[in-house]
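K.L.:
These are the residues of each chain, in order.
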Amino acid sequence: MANFSKSNVPQFSVEVYQNEFLPEGGREVNAIVTVTSTGGGTTGGIPLADAVPSSAPGAGQGPGAAVVLMVDCSGSMDYPPTKMRNARDATAAAIDTLREGTRFAVVAGTHVAKDVYPGDGRLAVADARTKAQAKEALRKLSAGGGTAIGTWLRLADRLLNAADVSIRHGILLTDGRNEHESPEDLRAALDSCAGRFTCDARGVGTDWEVKEVTGIAAALLGTADIVADPSGLAAGFTRMMENAMGKEVADVALRLWTPVGVEIRFVKQVAPTVADLTARRTEANARAGDYPTGSWGDESRDYHVCVLVPEAGIGQEMLAARVSLILPDPSGAGTPQTLSQGLVRAVWTDDMVASTSINPQVAHYTGQAELAQVIQQGLDARKSGDFDGATAKLGRAVQLASASGNQDTAKLLSKVVDVVDAATGTVRLKAKVAEADEMTLETRSTKTVRVKK
Amino acid sequence: MSQSQQQPALSKCPGCEEPPAAGDLFCGACGYDLSAVPARPGDRPTMAITVPPAAPEAAGAEAVRWPAAAETDSSDVPAPVHRPSDLPGTDSGGRPLAEQEQEPEQEQEPGTPVGSWPVGSAPVGSGPGPEPLGAPEPSAAAVRHDDRADPDAAEHSGDFALAAPDPRTAEHAAAAATAPAAGGKVCVACRSGRVGPDGYCENCGHAQPRERDHMERELDAVAAVSDRGLRHHRNEDSFAVSSTALPDGSPAVVAIVCDGVSSASRPDEASAAAANAANESLLESLPRGTHPQQAMHEAIVAASEAVNALAQEPAGAMEHDAHRHQNAPACTLVGAVMAGELLIVGWVGDSRVYWVPQDRSRPTARLTEDDSWAAQMVAAGLMNEAEAYADERAHAITGWLGADAYELEPHTAAFKPDRPGLVVVCTDGLWNYAESAEEMAAAVPADAQEHPLRGARVLVGHALDGGGHDNVTVALLPFAVRPQGAGSACETV
Numbered sequence: 001m002a003n004f005s006k007s008n009v010p011q012f013s014v015e016v017y018q019n020e021f022l023p024e025g026g027r028e029v030n031a032i033v034t035v036t037s038t039g040g041g042t043t044g045g046i047p048l049a050d051a052v053p054s055s056a057p058g059a060g061q062g063p064g065a066a067v068v069l070m071v072d073c074s075g076s077m078d079y080p081p082t083k084m085r086n087a088r089d090a091t092a093a094a095i096d097t098l099r100e101g102t103r104f105a106v107v108a109g110t111h112v113a114k115d116v117y118p119g120d121g122r123l124a125v126a127d128a129r130t131k132a133q134a135k136e137a138l139r140k141l142s143a144g145g146g147t148a149i150g151t152w153l154r155l156a157d158r159l160l161n162a163a164d165v166s167i168r169h170g171i172l173l174t175d176g177r178n179e180h181e182s183p184e185d186l187r188a189a190l191d192s193c194a195g196r197f198t199c200d201a202r203g204v205g206t207d208w209e210v211k212e213v214t215g216i217a218a219a220l221l222g223t224a225d226i227v228a229d230p231s232g233l234a235a236g237f238t239r240m241m242e243n244a245m246g247k248e249v250a251d252v253a254l255r256l257w258t259p260v261g262v263e264i265r266f267v268k269q270v271a272p273t274v275a276d277l278t279a280r281r282t283e284a285n286a287r288a289g290d291y292p293t294g295s296w297g298d299e300s301r302d303y304h305v306c307v308l309v310p311e312a313g314i315g316q317e318m319l320a321a322r323v324s325l326i327l328p329d330p331s332g333a334g335t336p337q338t339l340s341q342g343l344v345r346a347v348w349t350d351d352m353v354a355s356t357s358i359n360p361q362v363a364h365y366t367g368q369a370e371l372a373q374v375i376q377q378g379l380d381a382r383k384s385g386d387f388d389g390a391t392a393k394l395g396r397a398v399q400l401a402s403a404s405g406n407q408d409t410a411k412l413l414s415k416v417v418d419v420v421d422a423a424t425g426t427v428r429l430k431a432k433v434a435e436a437d438e439m440t441l442e443t444r445s446t447k448t449v450r451v452k453k
Numbered sequence: 454m455s456q457s458q459q460q461p462a463l464s465k466c467p468g469c470e471e472p473p474a475a476g477d478l479f480c481g482a483c484g485y486d487l488s489a490v491p492a493r494p495g496d497r498p499t500m501a502i503t504v505p506p507a508a509p510e511a512a513g514a515e516a517v518r519w520p521a522a523a524e525t526d527s528s529d530v531p532a533p534v535h536r537p538s539d540l541p542g543t544d545s546g547g548r549p550l551a552e553q554e555q556e557p558e559q560e561q562e563p564g565t566p567v568g569s570w571p572v573g574s575a576p577v578g579s580g581p582g583p584e585p586l587g588a589p590e591p592s593a594a595a596v597r598h599d600d601r602a603d604p605d606a607a608e609h610s611g612d613f614a615l616a617a618p619d620p621r622t623a624e625h626a627a628a629a630a631t632a633p634a635a636g637g638k639v640c641v642a643c644r645s646g647r648v649g650p651d652g653y654c655e656n657c658g659h660a661q662p663r664e665r666d667h668m669e670r671e672l673d674a675v676a677a678v679s680d681r682g683l684r685h686h687r688n689e690d691s692f693a694v695s696s697t698a699l700p701d702g703s704p705a706v707v708a709i710v711c712d713g714v715s716s717a718s719r720p721d722e723a724s725a726a727a728a729n730a731a732n733e734s735l736l737e738s739l740p741r742g743t744h745p746q747q748a749m750h751e752a753i754v755a756a757s758e759a760v761n762a763l764a765q766e767p768a769g770a771m772e773h774d775a776h777r778h779q780n781a782p783a784c785t786l787v788g789a790v791m792a793g794e795l796l797i798v799g800w801v802g803d804s805r806v807y808w809v810p811q812d813r814s815r816p817t818a819r820l821t822e823d824d825s826w827a828a829q830m831v832a833a834g835l836m837n838e839a840e841a842y843a844d845e846r847a848h849a850i851t852g853w854l855g856a857d858a859y860e861l862e863p864h865t866a867a868f869k870p871d872r873p874g875l876v877v878v879c880t881d882g883l884w885n886y887a888e889s890a891e892e893m894a895a896a897v898p899a900d901a902q903e904h905p906l907r908g909a910r911v912l913v914g915h916a917l918d919g920g921g922h923d924n925v926t927v928a929l930l931p932f933a934v935r936p937q938g939a940g941s942a943c944e945t946v
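One line per chain: the protein sequences are H and P, in this order. Going by this note's numbering, the first residue of the first sequence is number 1, and it counts up by one from there. Going by this note's numbering, the first residue of the second sequence is number 454, and it counts up by one from there.
Watch out, some of these pointers could steer you wrong.
[Said to hold, decoys possible] Label-pair distances were calculated between CB atoms; the ranges are:
| hint | chain 1 | residue 1 | chain 2 | residue 2 | range |
| --- | --- | --- | --- | --- | --- |
| 1 | H | Pro272 | P | Glu664 | 34 to 44 angstroms |
| 2 | P | Ala832 | H | Val260 | 45 to 55 angstroms |
| 3 | H | Asp421 | P | Ala832 | 45 to 55 angstroms |
| 4 | H | Gly232 | P | Glu766 | 49 to 59 angstroms |
| 5 | H | Arg265 | P | Glu766 | 33 to 43 angstroms |
[As the list claims (entries may be wrong)] Residues from chain P that keep clear of chain H, each with C-beta distances beyond 12 angstroms, as calculated:
| hint | residue |
| --- | --- |
| 6 | Ala642 |
| 7 | Asp651 |
| 8 | Glu655 |
| 9 | Pro740 |
| 10 | Asp871 |
To be clear, the hints were calculated from the coordinates, so they are not data collected in a lab. Virtual Cβ for every residue (Gly too), placed ideally from N, Cα, C.
My request is simple: use the sequences and hints to build the entire structure.
P.N.:
Structure representation (structure tokens):
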């Protein structure tokens, strides 16, 4: 493991949980890779403004982070009027949480995007004066117009990438569907922004589209959540901003090296949420590819890697994959810095006890990934009127949530179904389900719990 | 390995070719007594291709007829014996083997660089299919000399897909490491990738041979060989051999052999710790004049403590292999001490000592009694030996060294041989293929008394020929009756 004690970059550790033993003819190797980053240097947990790698050119001249707050100001935000007021208050609370020296801007989003503070396509540097000015500007926000989220994201991208910072983050609040641009426009905007900044997305009320908001968060490697009651916005925004301020290193990628003949079945983030990264691979060289993980603070995430290795005889051992965390060279030219790495192995044995046992971590996250999937399928079936299918899927979800101890998801499920027997997954669909409860379940279905160690 | 080793199932009845059901003692079609025939391992060893079906006595005596081996279908030979030169290695100083072993080789292979290994190599471990064993591959046999220095090696070797290194050629890696030639190591499996710092090929990912995959050591009066075998991915056996002097100046020779219990965690560390601790203990107590039998008892206790201490150490940070964490590291131990005219043996578990007299007409004997399920069944009169060893629980051991052992019961025994002979100290990786004392005696080459290292290699080859299902470790101690320079005082001990 590399030692970064001289810089403020967090230290990354990679741990691999797997059963490396395969039976004769076995090909599939599963591993859970736990990546933990702990704050580096001597900041004592207080994030430093210049938390950039010491190798970065111009380290010390630019502040570490830039944040753009995108607030939905479409006409629907006035129904009820408290929504707009809560959004203003929440944004103000988030601005209060900004660390001194952070670059920031506020974008008012309708069918067009407008940077209401500081304006002129610039970013302000957070201090007491600019924060007060920003909050003053918020008071002038009023609701009116449509919703075209793609334009908001493109403006945020322009603002963020004008600044010489290492962490670029957006916070997006919407209350309605993306009605004033085509889904293709939004898709194109997301594609152009992906990898340039990270973004958390929040839906307020119940008139927004869950898949739109979760799609934005997934593409931009952020979190998605529902704020059903607008009065809860301020707390949520504060937490999101604190989280963003805790990020110390951006653009970390998970590099997967595999030997000749090894086929990658999937690479998924499985904790804290399920996100399939398989299709997001960019080839690094002939044998390795990179999967984006966004920016990291003090946190730990789990990834599930599944590969198919060529068959080999009993007693043989091979390296099925080497998983490393890499930081691209800031100049974009040099070789990336390897932060830490772990090995996924395959060993063929005729010991049936060894080869048939499933690693508890792999089993747990396989269940959690299935949980997210059956909730999605169950809710889709319910919407389309297939109540038998919905009952079966959501019953399976209840069973999985209860077996894995995923209390939060179990609680959300119990608002959508009446649980007869959790162990067998016997449930009845509730006749009447609050829309907020259903949306909450759908939005949070990808949240996982970690295996009890 | 002791607990995981199982009697390999017969693929078909020798009488009527009917495939028997698992656990059948008699053939369901013709009634053939299946327990009476030795189980034939499912994976026929591929190594036999360069082995002429010569008697072991011929080994090393004459020039080896290498090309002749090509015509031999060795699969017809029930237990082909290795020539010593088929199991190459270094001597105790890490140097190439003695010159007389190389000479016949060089006559046959003029192009072979001096000092390279005359290894018969073959695709090993490419599955249990019947295919790989037939065709001899003389050219393949000749390419394993040097992984890097020989530029022709790559093209010679391109004709077979070697999935992983043959354990019997494991010393190549060690040899290559010490060779003067520069440059990174080339993968022994695909021969195109470089070996990364973590020991895996950067191209095909295959694990490279490790130092412990094949170990040899030779002293004046003792030699030992340990090999990973053909079916296990690492060598969990270990050994220690040494010689010292008793207070009266007469020599004492020590051999310790340990077999890591693979159902426990870190069995390889356990066996290494136990062998070293027992050896150290004997080297300390024997020169002080402790009675050798008492010294052996103390050595086993010391080894047990060393293995127990491992249980407190955490495993490597990267290792999160759940089912292996449930058991404390454990291993078996067997040791032999030649002190004056005494032969002391001590053991815990199912590793064994055999006595093979130099005059093969005299009776041969097993000197240890396994701590195993099968041995207990036989001792209790509940099963006969054939039944007990045919049972899948046969190899479950009832005594071992380790923090989770119920109670340490070191067994020791003292013998006073009246004639010269050979003491064979081995793990079950060998005796699975030569269980009775007579079988073991038959497997020991006649000149093993004079050339113990060569004899030990032949015995390891015997186990690999039989299938190499487990790690194989054997130490040979030639016992001479005449006390060597100790004076007549010893005779009355």
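K.L.:
Flag every earlier hint the structure violates by its number, smallest first.
P.N.:
6, 7, 8
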